[in-house]
Structures are given as structure tokens and as C-alpha cells.
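K.L.:
Chains as they are written, first to last, in my numbering: chain L, 212 to 561; chain H, 292 to 773.
I should point out that these hints are in silico values taken from the structure, not numbers from a laboratory.
Some clues are possibly wrong.
Footprint (simulated), chain L over chain H, 3 or more residues, beta carbon under 8 Å [claimed, not checked]:
{"no.": "1", "segment": "344 to 355"}
{"no.": "2", "segment": "594 to 606"}
{"no.": "3", "segment": "680 to 691"}
{"no.": "4", "segment": "701 to 709"}
Quick list of simulated restraints, FRET-style, between CB atoms [said to hold, decoys possible]:
{"no.": "5", "chain 1": "L", "residue 1": "250", "chain 2": "H", "residue 2": "730", "range": "36 to 46 Å"}
{"no.": "6", "chain 1": "H", "residue 1": "324", "chain 2": "L", "residue 2": "462", "range": "46 to 56 Å"}
{"no.": "7", "chain 1": "L", "residue 1": "290", "chain 2": "H", "residue 2": "396", "range": "44 to 54 Å"}
{"no.": "8", "chain 1": "H", "residue 1": "305", "chain 2": "L", "residue 2": "385", "range": "47 to 57 Å"}
{"no.": "9", "chain 1": "H", "residue 1": "632", "chain 2": "L", "residue 2": "354", "range": "36 to 46 Å"}
Part of the chain H face toward chain L, derived, beta carbon under 8 Å [claimed, not checked]:
{"no.": "10", "residue": "331"}
{"no.": "11", "residue": "340"}
{"no.": "12", "residue": "412"}
{"no.": "13", "residue": "414"}
{"no.": "14", "residue": "459"}
{"no.": "15", "residue": "483"}
{"no.": "16", "residue": "484"}
{"no.": "17", "residue": "488"}
{"no.": "18", "residue": "585"}
{"no.": "19", "residue": "694"}
{"no.": "20", "residue": "695"}
{"no.": "21", "residue": "698"}
Glycine residues also receive a C-beta, built at the ideal position from the N, C-alpha and C atoms.
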Amino acid sequence: MSAAQVFGLALVALSVGLVAMVVATLFAKTWRGVRARRFARRARTVRPLLLRALDGDAVDLSELRRGHGAEVGRIVATGMLANVRGTDRRMLGEHLESEGLVAAAEADARSGSPRRRLIAIEFLGAVGRPASTAALGAALRDRIPAVRTAAARALGRLGSASAVAPLVDALAAGAVPRSSVTVALLRLGPLAEEGLLVALDHEDPVVRSVTAEVCGSLGLTSARAPLLALVRDRRCRTSAARALGRLGHPDAVPLLCATVEAELSPARARWSDDSFTIAAINALGSIGDRRAIPVYESALGRSRLVALAASEALRPAGPRRSRRSTALRSLPGGAAGHDTESSATDGASR
Amino acid sequence: MSDLLLDALGIFDWFVLGYFAVLNTIMLVVLLVAAPVVLRSVSRPERPNLDDLFVNPMTPAISVVIPAYNEEQSIVASTRAALALRYPRTEVVVVDDGSTDATFELLRERFDLVEVAPDIGDEIPTAGAVRSLHVAADPGVPLVVIRKVNTRRRADALNVGINTARHELVCCIDADSVLEPDALLHAARPFVDDPDRVVAVGGAIRAVNGSIVDDGHIRELRTPRRWVERIQIIEYLRSFLLARTGWSRLGGVIIVSGAFGVYRRDVLVGVGGFDIESLGEDADVIVAIHRRQRALRHDYRVVSLAEPVCWTEVPSTARVLARQRRRWSHGLAQVLWKQRAMVGNPRYGRIGVLALPYYLVFELLGPVVEIVGLVAVLLGLWLGVISPSFAALVVVAAFVYGVLVSAGALLLEEMSFQRYRRWRDLGALLAAAVMENIGFRQMHAWWRLWGLVQAVRGTESAWGEMERLGLASGGSVPEHTP
Chain L
212 MSAAQVFGLA
222 LVALSVGLVA
232 MVVATLFAKT
242 WRGVRARRFA
252 RRARTVRPLL
262 LRALDGDAVD
272 LSELRRGHGA
282 EVGRIVATGM
292 LANVRGTDRR
302 MLGEHLESEG
312 LVAAAEADAR
322 SGSPRRRLIA
332 IEFLGAVGRP
342 ASTAALGAAL
352 RDRIPAVRTA
362 AARALGRLGS
372 ASAVAPLVDA
382 LAAGAVPRSS
392 VTVALLRLGP
402 LAEEGLLVAL
412 DHEDPVVRSV
422 TAEVCGSLGL
432 TSARAPLLAL
442 VRDRRCRTSA
452 ARALGRLGHP
462 DAVPLLCATV
472 EAELSPARAR
482 WSDDSFTIAA
492 INALGSIGDR
502 RAIPVYESAL
512 GRSRLVALAA
522 SEALRPAGPR
532 RSRRSTALRS
542 LPGGAAGHDT
552 ESSATDGASR
Chain H
292 MSDLLLDALG
302 IFDWFVLGYF
312 AVLNTIMLVV
322 LLVAAPVVLR
332 SVSRPERPNL
342 DDLFVNPMTP
352 AISVVIPAYN
362 EEQSIVASTR
372 AALALRYPRT
382 EVVVVDDGST
392 DATFELLRER
402 FDLVEVAPDI
412 GDEIPTAGAV
422 RSLHVAADPG
432 VPLVVIRKVN
442 TRRRADALNV
452 GINTARHELV
462 CCIDADSVLE
472 PDALLHAARP
482 FVDDPDRVVA
492 VGGAIRAVNG
502 SIVDDGHIRE
512 LRTPRRWVER
522 IQIIEYLRSF
532 LLARTGWSRL
542 GGVIIVSGAF
552 GVYRRDVLVG
562 VGGFDIESLG
572 EDADVIVAIH
582 RRQRALRHDY
592 RVVSLAEPVC
602 WTEVPSTARV
612 LARQRRRWSH
622 GLAQVLWKQR
632 AMVGNPRYGR
642 IGVLALPYYL
652 VFELLGPVVE
662 IVGLVAVLLG
672 LWLGVISPSF
682 AALVVVAAFV
692 YGVLVSAGAL
702 LLEEMSFQRY
712 RRWRDLGALL
722 AAAVMENIGF
732 RQMHAWWRLW
742 GLVQAVRGTE
752 SAWGEMERLG
762 LASGGSVPEH
772 TP
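Next comes chain L alone, as it looks inside the complex:
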């Protein structure tokens, strides 16, 4: 093949590619506008129907069960349900269920279209019917990551303890981002207690860590004993320490003090885990037990961030704080921690 022929072919191929890119770009922009206008037109007819349903009127919503009407209806309803509370929310949800929209959405959660599955799942989460747990649990195994994430979020809104197990399994499988599972478990609240206590003993350290954080945030005092056990697990102890701090029970003080002292010992200087030490000191500070004061004082002489945490933990210790703690005012933790009294004093004394 001659250079001229190769040139000709290359020019044609690239030009076709270039024209195709430009056309695709223009089409994408145009289509986006068309779709937005189409949605807005449909939403203008759907919204009043849903508002009437919210008012308790008997409204025929059959057109929202299928096709484009279903998509628009679900998106509008999802937004509306997020903005109502209490009886209004319950009534709207019941009406949507009685009109068959929930069943239609559960069917569409298995649709061949990822977008349709996504919208259906978000709708089911917004309606919040515990009966949708099975459909959403299945969606945690979807091949599309965004659908799995939406399913996790939706499960957190169902208010059903049976959602814990599938969420934990998805977390262990790495199928859903940790943040989505964590918040879903938090949203389930105390309902999730039993499942969470079981998960604290899960073989996967990621599950144990996330569950520990959730137990602490939910204030589940029944988790105290397993959390104390997790403090001895190097892979989860930072989360366990934070959780114990949130629970605030003084039972945790001796073990936390002992583990911090072990981390601060010269033997562990090379391998000390500052993130755990800081978490444990913060936890002790939250608990506010004076038995921890010697630990804080030992920590003052360590790395800067550990010393910062110790100085902040010492601040609420009151008038009987040790003499060494008065030196804390010159530490960045005293200053950058916005202790303005000491800041002003330091400024005046310069």
C-alpha cells in the first residue's frame, strides 16, 4: 500500500471518527435537553396527583405503574416522600402501595434496564415498606455498583431488622461501599441491635470495624462486652475504642488505659499505632474518668498529635488536674484547639 493510500485511509478513518464524536456530543447535549423537558412536562401532571394522594383523596395512580409514567412518578414520589414526615408520609406510602405502585416497583427492581432498577429501588427505599426487604436484598447482588449502593441505602430506610443480615453480607463481600452500609445500619437504629451484636463476631475485620462504629453511634450498651473484646483485636481496635468512647461507660477505662500505656511503652516505640492511641485517648476523654489522667500525662511527651489528643482530654479534668497539665496551654492543642482564654493569656504575656 502506498503512502498516499495509507494517508487517505487514515484521513478518512480519523475524519469519520471526529465527525462521529462531534455529532455524538451535539446529540448528547440535545438529548439531555429533550429528556429534561419531557420529564418536566410529565412531572407537571404527576405532581398534583401525588399531592392529592397526600391529602388523603382517592386518586387513580394506575398510569404511574408502567412506562415513562412509572419512571416520572417514582422520581417525583421519592422526592416528595423525603420531604414529608409522620402521618403524611405513612398515608402517602399506603396509598402508593394500595394503587399497586410498590408491587410494580418491586417487579421493576429486576428489570433489564439498570436505570429502571435504580429508580425503582430508590422509590422502594423512600416508601419504606419492610415487605420490600427481599426485593432490595436481592438487588445487593446486582451487577451494577450504583444499583447495589442504592439498594443498601434503601434497606436502611425500611425499618426492618431483617435488613441487617443482607447488609452485613454485602459489606463482607465488598459489594457495596462501606459508607453506604454504615449509614444504612445507622438508619435502622436500635432495631438492628440483635443483628449488629452477631456481626461484632464476624470473621471479616471490616465487618467488625463497621459494626463497632455503628454500635457506638447508636449507643448500644449491650455491645459493651464484645467491644471490649475487640480492643484486643489489632485490626478493629481503633473502631472499638471510638465506639467505647461514644458509649461512655466507665467499665472501658481500665482496658483502654492499659492498651494505651502498652502503646506508649518504649518497647513499642518503633511500631506504635498512633491512630489507635489517639482514638483511645479521645474515648477516655469522652468518658471523663480521672483514672485516665496518668495516661494523658504519659502521652503528653509523645508525638504531636498524640500529645494534642491528651491535652484536649485533660482539659475538662477540672481544678484538680495535675501540675503538668498547666503546661498544656502552650501546646498547639490548647491554642489551635481554640482555647481562647489561654490564647489571650499567652498573647498578653509575650
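Once you've looked at the hints, dock chain H against the given chain L.
P.N.:
Just chain H now, kept in the frame of chain L:
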């Protein structure tokens, strides 16, 4: 002219053709790798996912470090915007790097700063002495301002900021960066979802010139009127939306932009912070992190986000742009020379075998090939060594193919983030994708070549003053530099 020279010229012309074909093919492959990542990142539940991050107790706290030198036009707006970022726990550390204008005075007045004892950590050695440390009188404002002696190195100011930072993550931004309100949430997500491995996250940077910016927030995104600015928008799209996202997917990120990067503080301290001798400190620190993590046999990741999280004012004149590009090229040369043991070394995985050789051959030495290649092709054509068809083929490989890749970046932007709403903006950017390859590309190659020469000579390449148009006040960025 002897036959030998003519033959050599002919062979070199073939090499130039192959070079452009390979370069643009690599970019096309990167586009194809980046496209699914970008499209996935804009899936429907994006906003709720950020809400989840906000309420998640495991979302780590971030210290935002802002080095500032003579930034009186934008520092208050930038600081206020940084304090207003949507994130559960932050602090803002502004390092006034010996400003000679009213940078510090404006901060003191606006935030009611009080001086406190300047007790700052020394984990990272720093050069410029710290003169004073200030905090906001209102304890509800997590702001620290440090005044230090200027050493003409941004890296030194960053290191002082890192030493002062108290949180486990550190976000380093420029004083004139305009951040998206959810920028920190976007950047924190990889750390939350993969806390054991992610050590650094880079945000996608976009050009804000021509847009309406009000008090540190973008009100309306528009393309600027100057071609030099429009072309840079295309460059940034290609660089961040395509190249870095693609490299991130391949595990080959070697640069996290200094305009916006989030790092694990302990990892930064572990590599000794930013190198104050380097002009490319943003690339230098990432390559150093790669080296150290490999040496420690850690399983780690450096991530580059596709989401535009940071908007920056790009040079609006060729003069300032030339200085910037010379410095970038000089900095890249320094980094590659410093870490030359990693280049082509399989011990460093894809960084050593793919990423660093790519940057050496196509980014650093690319201008040499482009300029010498252009001369060689013209000479070959004149001497009859190559046919007009062949010369046209080189043009196609270099320019038409290049326009195709740029158009691909624009298509990806239109299918994903859709930040430019007006049709005229899309038209301007399409035209810029073509114009970039006529004149600008050659000038750019010349500037980069000069930066490489400076690096080889060991010439000091100064930062110089960036002509700021000022984005803090209401209204659009003015058309002409005052």
C-alpha cells in the same frame, strides 16, 4: 547532501510519524479506560451518597492547608469558602508565606485573629522561620493562620502547614482555588471506602476563567473569550477527565495537582513532606509516596477523581502561560531525574513500567520530538526524501488524531458532568479543540522544550507572579488584565 544523511532524515521522519500515532493512540486508549469510570461516577445516587459520607462517623477529619503569598485579592473569599465546605470535621490552616501585601491584615480583620504561642510540630523539616501563629477569636471558627519567612518555595509553606495540621487527612489547595461545596466529601470517599489502602486522592481541576464567581463560589460557568484560555480548558479536560482518571484506573497516577490534593498526613510525614528544592513538588511527593509504599511492601492506592472539585484561574496571556509551562517541564525533569531508578523498573509495578516511562517519553521528551520532528518533516519534504502524501500523513497523525482525542474529552464531559450549559460554550470549546493543534501546540512544545533545557542546565526557574484577575468579587472575570 550525502545519501547517509538523507536516509537518516527519512528514517527520522518515519519515527516522527510513529511517535504521533503512538501518542494519540495511547490517549485514545486512556479515553476508553476512563470513560466507564467517569460515567459511573455520575450515576443517579451521587448526592445521597455524599449525604451518607457527611453523617458517617467513620468519615475522617481533614485539615485544609492553604499556602498564600500576596493573595490579598482572593484570600478572604478563599478562606471563607474553605471554612464553609460541606464536611463534618475540618480545620483550615492558612500559611502566609511572607506576603508583602495586605494578605495577613485582611485575614486578621475579617476573622478577628488573636496571636498565640507559635508551637508548631517539627515532623517535617522546614526552611523559613515561623514568625507567629494566630487563631480566630471565635472558637467556633476552626482557623489557624501562620506567618512565616518566605523562602520562595510553596513546598516550604505546605510543610509548615502540615506540621501544624491536627487531623489524619491533609488537603492542600492553592489560595486562589475555588472549591465545589462537596469537594472534601468527594475526596474523602476513597479514604472511607478503602481506608487501609488509599493514601492520596487528587481532584479534577478545571479552569474558571470567564465564569461568574461570587465570593468564592461559582454562580455560572462560562467559557472565556480568549483562545489561550479556551484552549487550556480543553487541555485540562483532556488531562484530568481523561488522562488522570485513566491512569488512576490503571494504577499509574504520578501527579496529584497542587491546586487540590488530599493525603494521609502520616504518609506525607513519612516521605518528609514536599521537597522544597523541586519545582514540581506535587508530582515529586506522589512519586516519593509510591517509592516508599513499595519499599514498605504496603498494599496501597493513589486515586485521581473524575469529578470536578476545584476550579482555578489559568494564565490569560501567553507570557504567563509560557512561564508556567516552562516551570512544569522543568519540574517534571527534576522529578524523573531524582527518581530515575524507578523508571522502567518492574520492582515499582505499573508506576515503574508504564507511568514513568510514558511521562519520560511523551511528556518530557515529547517537545523535542515535536519540534525537531516538524523541522525534519519540512526538510524532508523540501529535499524530496519524503513524499507530500507522507508529510500529510504526519499531519493527520499529529493533528487530526489529536483533535479527535480532544473531541473525545469534550464528548465525555458532555455525557457526564455537563458543566457548560450554553450552546455557545460548547461551540467555543469544539473550536478550541481544533485551534489547539494549529499554532498553540507548537508554541507549547517550544516552552516545554525550554523548561527541559533549563532543567538540564540547572538554571533556576522562578515561580514568578501570576497575574490574578481576582475571583472574589461579584460579577464575571474581567476581559482584560487591569
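K.L.:
The segment 701 to 709 of chain H covered by chain L? Criterion: 3 or more residues, Cβ-Cβ distance below 8 Å.
P.N.:
holds (count 5)
K.L.:
Using Cβ atoms only, decide whether residue 488 of chain H comes closer than 8 Å to chain L, and label the hint accordingly.
P.N.:
Not OK, violated: residue 488 of chain H not within 8 Å of chain L, min 12 Å.
K.L.:
Holds or violated: is the Cβ of residue 331 of chain H closer than 8 Å to a Cβ in chain L?
P.N.:
holds, 7 Å
K.L.:
Holds or violated: is the Cβ of residue 412 of chain H closer than 8 Å to a Cβ in chain L?
P.N.:
Check passed: Cβ of residue 412 of chain H comes within 4 Å of chain L, closer than 8 Å.
K.L.:
Can you confirm whether chain L covers the segment 680 to 691 of chain H, using C-beta to C-beta distances below 8 Å and requiring at least three such residues?
P.N.:
With 7 residues in contact (Cβ-Cβ under 8 Å with chain L), the coverage given for the segment 680 to 691 of chain H holds.
K.L.:
Any CB of chain L closer than 8 Å to the CB of residue 483 of chain H?
P.N.:
holds, 5 Å
K.L.:
With a cut-off of 8 Å, does the beta carbon of residue 695 of chain H approach a beta carbon of chain L closely enough for the hint to hold?
P.N.:
With a minimum Cβ separation of about 5 Å from chain L (threshold 8 Å), the hint on residue 695 of chain H holds.
K.L.:
Does 36 to 46 Å hold as the CB distance between residue 250 of chain L and residue 730 of chain H, or does it fail?
P.N.:
holds, 43 Å
K.L.:
Does residue 484 of chain H pass the interface check with chain L, least Cβ-Cβ distance below 8 Å?
P.N.:
holds, 4 Å
K.L.:
Do the numbers back the hint for residue 340 of chain H, that is, is its least Cβ distance to chain L under 8 Å?
P.N.:
holds, 7 Å
K.L.:
If you check the beta carbons of residue 305 of chain H and residue 385 of chain L, does the distance land in 47 to 57 Å?
P.N.:
Holds - the Cβ-Cβ distance for residue 305 of chain H and residue 385 of chain L, about 48 Å, lies within 47 to 57 Å.
K.L.:
Residue 290 of chain L and residue 396 of chain H, beta-carbon distance inside 44 to 54 Å?
P.N.:
holds, 47 Å
In terms of the numbered hints stated before, the structure departs from hints 2, 17, 18, listed from lowest to highest.
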